[in-house]
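Respectively, the protein sequence lines represent chains A and B.
Every letter in the first sequence is one number past the one before it in this note's numbering, and letter 56, counting from 1, is 56.
Take any residue in the second sequence, note its place counting from 1, add 1000, and you have its number in this note's numbering.
Calculated directly from the structure, the hints in this document are not laboratory data.
Worth double-checking, as some hints may not be accurate.
[Unchecked claim] Below, in silico cross-link-like pairs of lysine to aspartate or glutamate (DMTMM-like), each with a Cα-Cα straight-line distance of 25 Å or less:
{"hint": "1", "chain 1": "B", "residue 1": "Lys1026", "chain 2": "A", "residue 2": "Glu76"}
{"hint": "2", "chain 1": "B", "residue 1": "Lys1061", "chain 2": "A", "residue 2": "Asp135"}
{"hint": "3", "chain 1": "B", "residue 1": "Lys1103", "chain 2": "A", "residue 2": "Glu260"}
{"hint": "4", "chain 1": "A", "residue 1": "Lys157", "chain 2": "B", "residue 2": "Asp1047"}
{"hint": "5", "chain 1": "A", "residue 1": "Lys59", "chain 2": "A", "residue 2": "Asp135"}
{"hint": "6", "chain 1": "A", "residue 1": "Lys263", "chain 2": "B", "residue 2": "Glu1116"}
[Unchecked claim] Coverage of chain B stretches by chain A, computed from C-beta distances (three or more under 8 Å per stretch; other residues unrestricted):
{"hint": "7", "region": "1038-1049"}
{"hint": "8", "region": "1084-1093"}
Note that beta-carbon positions come from the ideal geometry of N, C-alpha and C, so glycine has one too.
The lines below spell out each chain.
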Amino acid sequence: MPETNPQNQNNYQPNQYHARRSFSVFWPNILKLLNFILNFFSLKQTKQFWGIVYDSVSKQPLDPVIVKLLYIDGREVETCVTDIAGRYGFLARPGKFKIHARKTNYLFPSKYALGDTDGIYENLYHGEFFKLTEDYEVVAPNIPMDPAAADWNQKAKQTVVKKYPYLKYLFKALVSIFFWFGFILDGVLIFKTFPRIPEVLYIVAAVYILILFLSTSLPDNRLWGRVKTKIILAPGEYLFLELRDAKFREISFGKTAVKEDGKFLLRSNKGRYLLLVGKAGMNKNPTVLASLKVAIGSQGVFNSTIVIN
Amino acid sequence: MDNAIKKILVVEDDADLRNILIDGLKPLNYQIIPAEDGQRAVELLLDQKPDLVLLDLLLPKLDGFKVLERIRQYPDKAIAATKVIVLSNLWSDKDILRAQALKVDDYFVKANTNLEDVFKKVKAVLSAPPALK
């Protein structure tokens, strides 16, 4: 493809700065692993990186849905379009907001999926106002929408992407049953073998106690990434991050502005990418300052700390 | 210099997104021709001969790849050389390679794109000098 896109015609000066992932990634990765284990056993509902807009009847993700984050007076803060898996998310400052979702042949707010959960999805949103108190919190509730008419796009998409939310729910329920069955069985065996309790039963009990302790005390994964830099920006300038496919470098697979405190929210599908770090501003051509090879896992989020110097 | 108002064929089956694209392109002083499916897109392409096609790939009746193939294989060289920008949520390597083989001018993933970037690209493609035929 010819390189005529202003988005692709960044002043490319990647050697001007050096970008690297922060070395202090040990704890976040351990945290991620522990939260994954707890979530696997249904012992902890971990915070979501992304909200999902879905069909309240079929539970399939919807796309393209235009999702708007609005101030209480109706002014627009940010707009995004859901991806093929129905995902979206915002990073917002303290204030009072509401979300509006719009898709042809679908109605919002849902009248079918009421309450905070529908058994498959948690943390449901129905158009109510909400207040954020922390700086740059991730806003990503799940949004059910009711089908109003047959939607060709949704049917066709199932040949490309088909989700099985009920199977996932069933799998999680079975894992949870096995977990608690093991816990009770261990207790019964300890009781029956008392006072000559085999060591293995002690070890199993200790592991269970540790897991249960972690499920109540372990902090959540960090949902956002952060840029640490001493680059001085002129008034109106901001840093941005852009993911380019490792093979098709002219195609953008995700772009986000870095907030004043360095936080960012950047999503893409699982894969290997070239991350461009650049600066842009009003009436100024974007300039790429540094680049870095990165990999994104199945959670579809890049939330590392990037150091630029 | 060609001062005629340039025509853009916007092919998107989702009416809400189609309207957002039309609303975003209108202030740039182009003539916008909307199409809700691939078959209608081909009809309008032959009838209106747009300067650029903004094309979704998952489309009713005739998918976006087939629309692209019809454009590129058309005997009229001017139609076969129509500029095309893909705006789709499909982002597999296979889809991108297929679109590249059909000589698209750019490929945007809807969910990862600020629509302002798409409008800037449209402007850049339409203001670029025509390719030698």
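Taking each numbered hint in turn, which are not upheld by the structure, reported in ascending numerical order?
Structure breaks hints 2, 3, 4, 5 and 7.
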